[in-house]
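Participant: Sequence:
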Amino acid sequence: MNWVSGIVVFTITWWVVLFAVLPWRVTTKDAKGRGEMAGAPDNPHLLYKALWTTIISTVIFVAIYALIASDLISFQDMADRMGRY
Numbered sequence: 276m277n278w279v280s281g282i283v284v285f286t287i288t289w290w291v292v293l294f295a296v297l298p299w300r301v302t303t304k305d306a307k308g309r310g311e312m313a314g315a316p317d318n319p320h321l322l323y324k325a326l327w328t329t330i331i332s333t334v335i336f337v338a339i340y341a342l343i344a345s346d347l348i349s350f351q352d353m354a355d356r357m358g359r360y
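Residue numbers (this note's numbering): 276 to 360.
Because the hints were derived from the structure by calculation, they are not lab data.
This one's a predicted model, so the numbers in the text were calculated from it and none came from an experiment.
Just to be clear, a hint being listed does not mean it is correct.
Pair ranges (Cβ atoms, derived) [to be verified]:
#1 A354 to W278: 35 to 43 Å
#2 D346 to M312: 45 to 53 Å
#3 S345 to P316: 38 to 46 Å
#4 I282 to S349: 45 to 53 Å
#5 M357 to D317: 31 to 39 Å
Just so it is clear, CB atoms sit at the ideal spot from N, CA and C, and this is done for glycine as well.
Given only the sequences and the hints, what does the whole structure look like? Please build it.
Facilitator: This is the structure we're talking about:
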């Protein structure tokens, strides 16, 4: 995997994990003011979620990189087999 592919894989992984982490620690206010949605979070904890998203994405990316670098699953062989059909 070259560095461009690594950045792309990490970015996609980060965004997928972010959407999984967004519901964590969501609390809503009891009394809403005018123009506020009932489900709007009181404090979204975005820095907390960004930190956990980065940690989880890094672990997943290292696993993906190790899988690709070890040739346990050869993606080139899969591509070659798909090209025959």
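Participant: Going back to the hint list, which numbers does this structure go against?
Facilitator: 1, 4, 5
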